[in-house]
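J.: What follows is each chain in one-letter form.
Number of protein chains: 2
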Amino acid sequence: MAEEGIRVKNKQVLFKNYVSGFPKDSDMYVTSESTISLKLPEGGGSNGVVLLVKNLYLSCDPYMRLLMQNPENSQGLPFNYYTPGSPIKGFGVAKVVDSRHTNFKKGDFIWGMTGWEEYSFISETEQVFKIEHTDDVPLSYYAGLLGMPGITAYAGFCDVASPKKGDKVFVSAASGAVGQIVGQFAKLMGCYVHLLKNKFGFDDAFNYKEEQDFTATLKTYFPQGIDIYFENVGGKMLDAVLLNMALCGRIAVCGMISQYNLEKPEGVSNLAQLIFKRIRMEGFRAPDYFDEYSKFLEFVMPYIRDKKISYVEDIVEGLENGPAALVGLFTGRNVGKQIVVVARD
Amino acid sequence: MAEEGIRVKNKQVLFKNYVSGFPKDSDMYVTSESTISLKLPEGGGSNGVVLLVKNLYLSCDPYMRLLMQNPENSQGLPFNYYTPGSPIKGFGVAKVVDSRHTNFKKGDFIWGMTGWEEYSFISETEQVFKIEHTDDVPLSYYAGLLGMPGITAYAGFCDVASPKKGDKVFVSAASGAVGQIVGQFAKLMGCYVHLLKNKFGFDDAFNYKEEQDFTATLKTYFPQGIDIYFENVGGKMLDAVLLNMALCGRIAVCGMISQYNLEKPEGVSNLAQLIFKRIRMEGFRAPDYFDEYSKFLEFVMPYIRDKKISYVEDIVEGLENGPAALVGLFTGRNVGKQIVVVARD
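Just so you know, the sequences run in chain order A and B. For the first sequence, our numbering assigns the number 1 to the initial residue and increments by one for each residue that follows. For the second sequence, our numbering assigns the number 1 to the initial residue and increments by one for each residue that follows.
Honestly, the hints are just simulated from the structure, not real lab data. Please note that the accuracy of each hint is not assured.
Heads up, the list lumps identical chains together, so a pair's fine if it works in one copy or across two of them.
Computed list of lysine-lysine pairs in BS3-like fashion (alpha-carbon distance at most 30 angstroms, straight line) [as the list claims (entries may be wrong)]:
1. K277 with K236
2. K236 with K264
3. K307 with K164
4. K295 with K277
5. K24 with K39
6. K219 with K264
7. K89 with K16
8. K264 with K277
9. K236 with K219
10. K54 with K236
11. K164 with K277
12. K164 with K219
13. K236 with K95
14. K11 with K295
15. K277 with K24
16. K9 with K295
17. K16 with K277
Produce the complete structure using the sequences and hints provided.
T.: And the structure:
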């Protein structure tokens, strides 16, 4: 007879049904009806589960909206769409409760793909990283600056955007998880940086929700044109930026948060600028760079310890406040990286 | 007293006035009122003229539409817009009548930027290339396959699109000057090629003007997705292609002929595909590759001599038929590279 662990309640945020338009809190619901044994089932159960973790910090990211759509409308994209009645999934920081994987042992902190619930089983460990935790860096950073959003900023700016000293850099959605990091990387590399929101000590800023004439506004900030645009917004913002790009500019396409909730995305009209100005526009995804994670840590850790990089988190307490926090990304409610605290250890 | 050459009539195609919408024949007019001395003025005159050429073959290219717009609406792009009352300018093949430049002598054939007229003065020779003419290659090819459109195809496909054997390649506007060459380069490199029009022995084709549902049609031709899209069309075509791109696909943006005549370009809605599929989309211009011209000739000449590359020209006789030929590009009247013959030697 297999040894049975203590059985506890497992509070969860479940996905209700496929979303069209803006997501609402009510597209998810919180339940405490589920229970879980705090021990891995013998033989890993039917799903090859190798880890049981206690979730601590959950990351709210714009791409999660994409997983809320009906896979039938997905045009065959290979996404792991949310299943109605199952927990929301996303990146987060967790503590190992039980392990059948040689790389992880009970008590380890990890970051990676997990569930929006108190405890999660993990069967795929390709995107799970052990955290070498030290007290001088908050553990929650591994759901942001030191996790997926951090690698996103690093890959998109340092690789895709091919920066060089003196480049004029424009970052949209700069108060979000990725934008604020990109701006600081760019500064550290000797670029002139302009962000949408003036919250992190950068050169200049304007708020795209308040601004009618993006094109003219950008022209005043970048009279010689934009060398690098780090794209988080899409739609009208992209159209205005295209008209203001410099010759041989680069657009690293990280996200298009303004478009994910639209039934029909806004049309972008100024793409012929790509020809006129020989612009390179390139999409990328953080998981393609996960194998460079240790290199990324070597790059970023000294800056954090020397306080050359600051990082703003918008922390919400409790799983039950998770749905509102996630939905708030799309109305610009958050100031800094949006984190949901499930537990602190 | 300076020696004066024979004075002859110089028939010209003059630009009438700035164009909005589709260009018409009547936006240009032909005149024989001008005369020219068949000898360079002493000291080069006030404009530093170094060559006097007799124009033979003129190239009709879609980008010429862009030079017809009012510079005031140009958003500061560094184009050499046409001047009302002055001759149309474009790439062409010509014969040197008089020269004050050490690289060129009387009787040489050249290709480069010239005027739509019987005789032209040339002061800038950076974009003028001497033709090493041999009888096995038609001289008119230097206004197409062996001139600017050829380098465009070479640069856009072999460099920008980063092709590899087995790639699935889609070429739009394939009956034009550049598209037909790209398709053949792709075949020679072991790619699967699909063109819009089935005129040159390629794998498959559909006509975008007749086709309502681009997206579904492309899916039938590229069930595994498009690795390389050579973009000549823009607008709705691009939107359909984006939905059919494969992971890590490349879009070489050469032109967007469907958009140049629109007051407001069509919006392209599916750009988020760049992120989902990590697509690189890059604009380029042939003149940036002119310094690789001899390398290009080494690459392409053996294929032409071995008849591995065929080339279709749509030849119109006489300067007076030039305006209609140029305008016809935008209604898809041409079959193959559109050339205007001014004289044959």
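J.: Looking at the structure, which of the earlier hints fail to hold?
T.: Of the numbered hints given earlier, those the structure breaks are 5, 10, 13, 14, 16, listed in rising order.
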